[in-house]
Amino acid sequence: MDIISTDLACEPVLWHVVFNRKTESWWARFVPGRFKHVRAYAYVPGLHVWIFYDVGVEGAAIQVAAPGAPANAIIASWIADAEIVTVMRRPPHKGRIPFGQWCAPAVGHLLRLRPRFPGATLLPDTLHAECLANGGTPFEMPHARRNAKPAATNDR
Numbered sequence: 001m002d003i004i005s006t007d008l009a010c011e012p013v014l015w016h017v018v019f020n021r022k023t024e025s026w027w028a029r030f031v032p033g034r035f036k037h038v039r040a041y042a043y044v045p046g047l048h049v050w051i052f053y054d055v056g057v058e059g060a061a062i063q064v065a066a067p068g069a070p071a072n073a074i075i076a077s078w079i080a081d082a083e084i085v086t087v088m089r090r091p092p093h094k095g096r097i098p099f100g101q102w103c104a105p106a107v108g109h110l111l112r113l114r115p116r117f118p119g120a121t122l123l124p125d126t127l128h129a130e131c132l133a134n135g136g137t138p139f140e141m142p143h144a145r146r147n148a149k150p151a152a153t154n155d156r
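Quick note on the working numbering: the sequence shown kicks off at 1 and runs consecutively.
Among the clues, some could well be false.
To be verified - Only pairs whose alpha carbons sit at most 20 Å apart, straight line, appear in this in silico DMTMM-like list of lysine to aspartate or glutamate:
1. 94 to 58
2. 22 to 83
3. 36 to 81
4. 94 to 83
5. 36 to 11
6. 94 to 24
7. 22 to 81
8. 94 to 54
Unchecked claim - Derived DEER-like restraints, expressed as beta-carbon distance ranges:
9. 132 to 84: 35 to 43 Å
10. 87 to 60: 27 to 35 Å
11. 85 to 48: 33 to 41 Å
Just so you know, these hints were derived from the structure itself, not from any lab.
Ideal Cβ positions, reconstructed from N, Cα and C, are used throughout, including at glycine.
Working from the sequences, and respecting the hints, build out all of it.
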């Protein structure tokens, strides 16, 4: 997939990764090591916004904040008792996908779906079914209907 990169559509390249020593999640006490949670944020210069990405057992959260007080409040709450590492995002790599980090599970986690059975969000087809089972509604544009019949032609 090509990455769109213009002043008004781009992916942040420089991310600030926050390693928290404490978290409010009860299960974090079982996480070995000194850091109990990790999340990341980045600034998008062309759009003048900050993006915050935080994944927990309750699901993934993406927030967008304007510079100044809104972003500063989020950053301040995130960096309490934490270490920050600024990392340049690497170009896409091909050939290997870490378990659970492909499209379907990531989108299922982002949507915080309640799957009907274990593994229900591992494949695109089963994720589709889970989206519908969790109250999703199909969005179809009139010109993109899969079952539409072609217009009749007069080729006589």
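Holds or violated: are the alpha carbons of residue 94 and residue 54 at most 20 Å from each other? Violated, at roughly 25 Å.
Hinted pair residue 36 and residue 81, Cα distance within 20 Å: At roughly 11 Å apart (the allowed maximum being 20 Å), residue 81 and residue 36 satisfy the hint.
Distance restraint evaluation - residue 85, residue 48, Cβ atoms, bounds 33 to 41 Å: Because 24 Å falls outside the window, the suggested range is violated.
Take the C-alpha atoms of residue 22 and residue 81, compute the straight-line distance between them, and say whether it is at most 20 Å. 7 Å, holds
Is the hinted pair residue 94 and residue 24 satisfied, with a Cα-Cα distance of at most 20 Å? Distance ~36 Å between residue 94 and residue 24 Cα, so the pair is violated.
Do the Cβ positions of residue 132 and residue 84 conform to the proposed distance bound of 35 to 43 Å? 40 Å, holds
What's the verdict on residue 94 and residue 83, does the C-alpha distance respect the 20 Å limit or exceed it? Outside the cut-off at roughly 30 Å; violated.
Next pair to validate is residue 36 with residue 11; report whether the Cα-Cα distance is within 20 Å. 27 Å, violated
Honestly, do residue 87 and residue 60 meet the 27 to 35 Å range at C-beta? Given range 27 to 35 Å: violated, Cβ gap about 19 Å.
Decide if the proposed pair is consistent with the structure: residue 22 and residue 83, CA atoms, cutoff 20 Å inclusive. 11 Å, holds
Compare the distance between the alpha carbons of residue 94 and residue 58 with 20 Å, and conclude whether the hinted pair is satisfied. 29 Å, violated
Violation of the numbered hints given earlier is confined to hints 1, 4, 5, 6, 8, 10, 11; the remaining hints are satisfied by the structure.
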